[in-house]
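Q: Chain by chain, the residues:
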Amino acid sequence: MITINNRDKIEWFEGMTVSDVLKKMRYEYNLISVHINDDYIPDNQYDKTTVPDNSSVFVMHLAHGG
Amino acid sequence: MSKRMIDVLVNDKKKIQVAEGSSLIKPLLEAGIVIPTLCYHKDLTSDGSCRLCMVEIEAKGKRRMVTSCNYPVRDELKVWTLTDKIKKHRKILAEMYLGRFPNVKVVQDVAKQCGASDKTRFQSDITDYNEKACILCGKCVRACKEFILEKIIDFAGRGIKRHITMPFGEVDPHCVGCTYCSYICPTGSIEVIDDLNNPFDPKLIRDHGMKVNAEMATLDSGQCCMREVGTANIVEVMDRYDLLPVHNFKFGSHPDTPKMDSMVLRQKYFSQEQADACWKGCSMACAKAVDGFKLKTGPYKGQKVVVDGPEYETSAGCSNMGCFDPDFVVEFNFYCDTYGIDTISMATGTAFAMECFEAGLLTLEDTGGKELKFGSGDAVLECLHEMSRGEGFGLKIGQGIRVLKNELKKKFPEKAQWLEDIGMEVKGLEYSEYVSKESLAQQAGYSLAVKGPQHDEAWLIFMDMVNNQIPTFEDKAEALYYFPLFRTWFGLMGLCKIVWNDVVPADNAKKHPPQVAAKIPEHVENYWKFFEGMTGKPLDEQGMLNQSARVHNLQRIICLMMGYGQREDDMPPYRAVGPVTEEEYLSREDRYDKQLQDNLNVDPTKLDLQQKMELTREFRYEQYNKVIDAAYKRRGWNEKGIPTIERLKELGIALPELVGIIEKYQN
Chain A
1 MITINNRDKI EWFEGMTVSD VLKKMRYEYN LISVHINDDY IPDNQYDKTT VPDNSSVFVM
61 HLAHGG
Chain B
67 MSKRMIDVLV NDKKKIQVAE GSSLIKPLLE AGIVIPTLCY HKDLTSDGSC RLCMVEIEAK
127 GKRRMVTSCN YPVRDELKVW TLTDKIKKHR KILAEMYLGR FPNVKVVQDV AKQCGASDKT
187 RFQSDITDYN EKACILCGKC VRACKEFILE KIIDFAGRGI KRHITMPFGE VDPHCVGCTY
247 CSYICPTGSI EVIDDLNNPF DPKLIRDHGM KVNAEMATLD SGQCCMREVG TANIVEVMDR
307 YDLLPVHNFK FGSHPDTPKM DSMVLRQKYF SQEQADACWK GCSMACAKAV DGFKLKTGPY
367 KGQKVVVDGP EYETSAGCSN MGCFDPDFVV EFNFYCDTYG IDTISMATGT AFAMECFEAG
427 LLTLEDTGGK ELKFGSGDAV LECLHEMSRG EGFGLKIGQG IRVLKNELKK KFPEKAQWLE
487 DIGMEVKGLE YSEYVSKESL AQQAGYSLAV KGPQHDEAWL IFMDMVNNQI PTFEDKAEAL
547 YYFPLFRTWF GLMGLCKIVW NDVVPADNAK KHPPQVAAKI PEHVENYWKF FEGMTGKPLD
607 EQGMLNQSAR VHNLQRIICL MMGYGQREDD MPPYRAVGPV TEEEYLSRED RYDKQLQDNL
667 NVDPTKLDLQ QKMELTREFR YEQYNKVIDA AYKRRGWNEK GIPTIERLKE LGIALPELVG
727 IIEKYQN
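Residue numbers (the numbering used here), protein chains in the order written: chain A, 1 to 66; chain B, 67 to 733.
Keep in mind the hints are simulated off the structure, nothing from the lab.
By construction, the Cβ of each residue, glycine as well, lies at the ideal position given by its N, Cα and C atoms.
One or more of the hints may lead you astray.
[Stated by the list, open to error] For the chain A half of the interface with chain B, some residues (derived, Cβ under 7 angstroms), not all of them:
| no. | residue |
| --- | --- |
| 1 | Asn6 |
| 2 | Lys9 |
| 3 | Trp12 |
| 4 | Met16 |
| 5 | Asn30 |
| 6 | Pro52 |
| 7 | Asp53 |
| 8 | Ser55 |
| 9 | Ser56 |
| 10 | His61 |
| 11 | Gly65 |
[As the list claims (entries may be wrong)] Each computed DSS-like pair below joins lysine-lysine, with the alpha-carbon atoms no more than 30 angstroms apart:
| no. | chain 1 | residue 1 | chain 2 | residue 2 |
| --- | --- | --- | --- | --- |
| 12 | B | Lys577 | A | Lys9 |
| 13 | B | Lys79 | A | Lys48 |
| 14 | B | Lys692 | A | Lys9 |
| 15 | B | Lys706 | B | Lys660 |
| 16 | B | Lys730 | B | Lys517 |
| 17 | B | Lys576 | A | Lys23 |
| 18 | A | Lys48 | B | Lys144 |
| 19 | B | Lys108 | B | Lys211 |
| 20 | A | Lys24 | B | Lys108 |
| 21 | B | Lys585 | A | Lys23 |
| 22 | B | Lys126 | B | Lys185 |
| 23 | A | Lys24 | B | Lys660 |
| 24 | B | Lys493 | A | Lys24 |
| 25 | B | Lys277 | B | Lys493 |
| 26 | A | Lys9 | B | Lys211 |
| 27 | B | Lys730 | A | Lys9 |
| 28 | B | Lys325 | A | Lys23 |
| 29 | B | Lys577 | A | Lys24 |
| 30 | B | Lys481 | B | Lys439 |
| 31 | B | Lys151 | A | Lys48 |
| 32 | A | Lys48 | B | Lys585 |
| 33 | B | Lys563 | B | Lys439 |
| 34 | A | Lys48 | B | Lys577 |
| 35 | B | Lys80 | A | Lys48 |
| 36 | B | Lys481 | B | Lys493 |
| 37 | A | Lys48 | B | Lys108 |
| 38 | A | Lys48 | B | Lys126 |
| 39 | A | Lys24 | B | Lys585 |
| 40 | A | Lys23 | B | Lys80 |
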């Protein structure tokens, strides 16, 4: 099980990447940043970085707009 | 989003990774490899004009020389940066530069890097002995075009007569005097001879302005695309996160949103070939325009007009009225602008009237025969034209929700609570276009805003609802302290908000922990430096917040004088807090049921719909009251929402005339 933003839970699977997490959460936003267990993950590593089971993933959406 | 990373082997030993499509020079420089250049700048498009950055590459078995500044990496390759061939090429080229510009320091420095020292070999009639000679690197031309989106200066003449100039060699009146050509000039050839507004430290302002411009030029296209579509891009984001107001804020998304989102506007409507701006020289240039739009209604029917917009709030106001036809959005935008009517108040007020019409509280007789249902774009435009003439039902909408609501409450006393619940106004101002139901902090951000529920004091939905960054009441209160004061501050300074968070430094999230990153510290610092550059007075966070708090508290007291500054004036209509109708509850039933289970430990399967809605309402208002208690405390206001005399003393504004107004509310 993965915890997202200290609140939402999603099922973990072997080989799960950051991109899989974002897809599952339907986080389709350009201004986001991702930390796994407090480690920052650069956006060009989302496809390659696997998320360990029981991780705490923080996906920050930065506000923008008027 | 993420680009493919390609392996590049440098000088037979060092392996680096380069994002597909990137040029070679940047990663080479970052890897500590010396690449001489006169025309390259990390934030500008490379044009390979100085030819000094040549390297040898081998790709797909083929070896050749390329300019590293503009060679796009597509496949794995080997690079050699200092072969005999490269050394020879650079040395001859550097001697040619030295022969033409012998006294220019950057040329001397580059020549040294290339092992060139002979100033005479290529000396000729065109040798320029000026220490500040223009070396034709073209950085100024590209800065003007890419940072400021202008073409004030460019190359003219051919061969040895090539030079930088404004059109026809005259001072171009379109030049806004941004001075970035001078800032970026490596030789001092372009000098600023006058500083408008007499700033204390123009360089400090330029240093930080340059950062903003460079970020816009290099990052915007991968972030918010403000130069391409402006704030219209927020429509699809809000729809995706269930935050786009639909049918008077009942819902947060709609299947028809793609009909009018920014993709449609970009492809079919926004027609000016370059980004538009509030003022010439703005590097963000997020304002957009539609050219040649043929109007279907009103006094200008049949005429082709230019429409400034639409921006997010206008489009979202249209979804709030259930109108998803982009032609309608543009026409609505045009006539609101032409008549001087705020699109937000018009849309939110009309959405309220539509819901009343659908509920039977307003009839065809009231509306002058207009079927004012959700989605009735023609009826909306008729109301808009009536409003401009000060007549008919349009005039009623123009008087605002509070007036219309009070009239209907008298006529339908049994519906008074429902009207209070769905009339989306606080302090007499209509809500701007975000659904705040799932963000407690945003509910308070809206209703505590001094002018009424405008998002420009605090937009906290993502921090609160999506990121869960401010989970406790105290966290929310802190956000409700900092952000309204920060946003009030740059409004007071006449600085635009958009350059704070509509482009973000590439390393913002890497450099700062999330709570700090949300403030975008580098951009807050830019504002402080602009202030310091103009006034000579350094500023920090506390200084900024105190400057702002003086005005913010004064505004709150003025609000009180006008009859809007107490706790009861900060109470939102229930539609901003939770689901008013059965239809609303049922549309998000899973969410609300889960919240009953999680927050109140209640089994929703054992309750009927009415009971679930009542419990939800009770819980949500209780939470709201707790959050404004915490926010008042953090702001130095008492439980009635009145600034305390101690707070005014702290801020140095305990003037007798202000204390006289608030003292009767102190106990």
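Q: A separate judgement is required for each hint: does it hold in the structure or not?
A: Results of checking the hints against the structure:
Annotation: Asn6 (chain A) was flagged as interfacial toward chain B, and the flag holds, the nearest CB pair being 5 angstroms apart, inside 7 angstroms. The interface hint given for Lys9 (chain A) is violated, since its Cβ lies 12 angstroms from the closest Cβ of chain B, which is over the 7 angstroms cut-off. Interface restraint check for Trp12 (chain A): the shortest CB-CB distance to chain B comes to about 19 angstroms, outside 7 angstroms, so the restraint is violated. Against a cut-off of 7 angstroms between C-beta atoms, the interface hint on Met16 (chain A) is violated, since the closest Cβ of chain B lies about 16 angstroms away.
Given hint, Asn30 (chain A) at the interface with chain B, holds; its Cβ is 5 angstroms from that chain's nearest Cβ, closer than 7 angstroms. At its closest, the beta carbon of Pro52 (chain A) sits 20 angstroms from a beta carbon of chain B; the interface hint therefore is violated under the 7 angstroms criterion. Look at Asp53 (chain A): its Cβ only gets to about 21 angstroms from chain B, farther than 7 angstroms, so that hint breaks. Interface hint at Ser55 (chain A): violated, since its Cβ lies 16 angstroms from the closest Cβ of chain B, which is beyond the 7 angstroms cut-off.
For Ser56 (chain A), the suggested interface contact is broken, since its CB lies about 11 angstroms from the closest CB of chain B, more than 7 angstroms. For His61 (chain A), the suggested interface contact is upheld, since its CB lies about 4 angstroms from the closest CB of chain B, less than 7 angstroms. Because the smallest distance between the Cβ of Gly65 (chain A) and any Cβ of chain B comes to about 5 angstroms, under 7 angstroms, the interface hint for this residue holds. For the hint linking Lys577 (chain B) to Lys9 (chain A), the alpha-carbon distance of about 27 angstroms falls within 30 angstroms, and the restraint holds.
Our distance criterion of 30 angstroms between C-alpha atoms is met by Lys79 (chain B) and Lys48 (chain A), whose separation comes to about 25 angstroms. Using a Cα cut-off of 30 angstroms, the hinted pair Lys692 (chain B) and Lys9 (chain A) holds, with the two alpha carbons roughly 27 angstroms apart. The hinted pair formed by Lys706 (chain B) and Lys660 (chain B) fails the criterion: a straight-line CA distance of about 33 angstroms is larger than 30 angstroms. Proposed proximity of Lys730 (chain B) and Lys517 (chain B) is supported: the alpha carbons are some 23 angstroms apart, at most 30 angstroms.
At most 30 angstroms may separate the alpha-carbon atoms for a hinted pair to count; Lys576 (chain B) and Lys23 (chain A) meet this at roughly 22 angstroms. For the given pair, Lys48 (chain A) sits about 24 angstroms from Lys144 (chain B) by alpha-carbon distance, which is consistent with the 30 angstroms threshold. Of the supplied pair hints, the one linking Lys108 (chain B) and Lys211 (chain B) holds, its CA atoms being roughly 15 angstroms apart against a limit of 30 angstroms. Distance hint between Lys24 (chain A) and Lys108 (chain B) is unfulfilled; the C-alpha atoms sit about 36 angstroms from each other, more than 30 angstroms.
Between Lys585 (chain B) and Lys23 (chain A) the CA atoms are separated by roughly 26 angstroms; this keeps the pair inside 30 angstroms, and the hint holds. In summary, the hint linking Lys126 (chain B) to Lys185 (chain B) is not supported, as the alpha carbons are separated by about 40 angstroms, beyond the 30 angstroms threshold. Simply put, Lys24 (chain A) and Lys660 (chain B) have alpha-carbon atoms about 19 angstroms apart, close enough for the 30 angstroms limit, and the pair holds. Taking the CA atoms of Lys493 (chain B) and Lys24 (chain A), the gap is about 41 angstroms. The hint is violated against a cut of 30 angstroms.
Straight-line distance between C-alpha atoms of Lys277 (chain B) and Lys493 (chain B) comes to about 40 angstroms, which puts the hinted pair past the 30 angstroms bound. Only pairs whose Cα atoms come within 30 angstroms are accepted, and Lys9 (chain A) paired with Lys211 (chain B) is rejected, the gap being roughly 48 angstroms. Distance hint between Lys730 (chain B) and Lys9 (chain A) is unfulfilled; the C-alpha atoms sit about 51 angstroms from each other, more than 30 angstroms. With a CA separation close to 24 angstroms, the supplied pair Lys325 (chain B) and Lys23 (chain A) stays within the 30 angstroms bound.
In summary, the hint linking Lys577 (chain B) to Lys24 (chain A) is supported, as the alpha carbons are separated by about 27 angstroms, within the 30 angstroms threshold. For the given pair, Lys481 (chain B) sits about 19 angstroms from Lys439 (chain B) by alpha-carbon distance, which is consistent with the 30 angstroms threshold. Pair hint Lys151 (chain B) plus Lys48 (chain A) does not hold up; C-alpha atoms about 39 angstroms apart against a cutoff of 30 angstroms. Note on Lys48 (chain A) and Lys585 (chain B): the hinted pairing holds, with a Cα-Cα distance of about 29 angstroms set against a maximum of 30 angstroms.
Taking the CA atoms of Lys563 (chain B) and Lys439 (chain B), the gap is about 36 angstroms. The hint is violated against a cut of 30 angstroms. The straight-line distance between the Cα atoms of Lys48 (chain A) and Lys577 (chain B) is roughly 22 angstroms, inside the 30 angstroms bound, and the hint therefore holds. Annotation: proposed proximity of Lys80 (chain B) to Lys48 (chain A) holds, straight-line Cα distance about 22 angstroms (limit 30 angstroms). At most 30 angstroms may separate the alpha-carbon atoms for a hinted pair to count; Lys481 (chain B) and Lys493 (chain B) meet this at roughly 21 angstroms.
Taking the CA atoms of Lys48 (chain A) and Lys108 (chain B), the gap is about 27 angstroms. The hint holds against a cut of 30 angstroms. Between Lys48 (chain A) and Lys126 (chain B), the direct Cα distance comes to roughly 26 angstroms. Compliance with the 30 angstroms bound is thereby established for this hinted pair. Annotation: proposed proximity of Lys24 (chain A) to Lys585 (chain B) holds, straight-line Cα distance about 27 angstroms (limit 30 angstroms). A hinted pair counts as satisfied when its Cα atoms are at most 30 angstroms apart, and Lys23 (chain A) with Lys80 (chain B) does not qualify at roughly 36 angstroms.
Consistency with the previously given hints fails for numbers 2, 3, 4, 6, 7, 8, 9, 15, 20, 22, 24, 25, 26, 27, 31, 33 and 40, ordered from lowest to highest.
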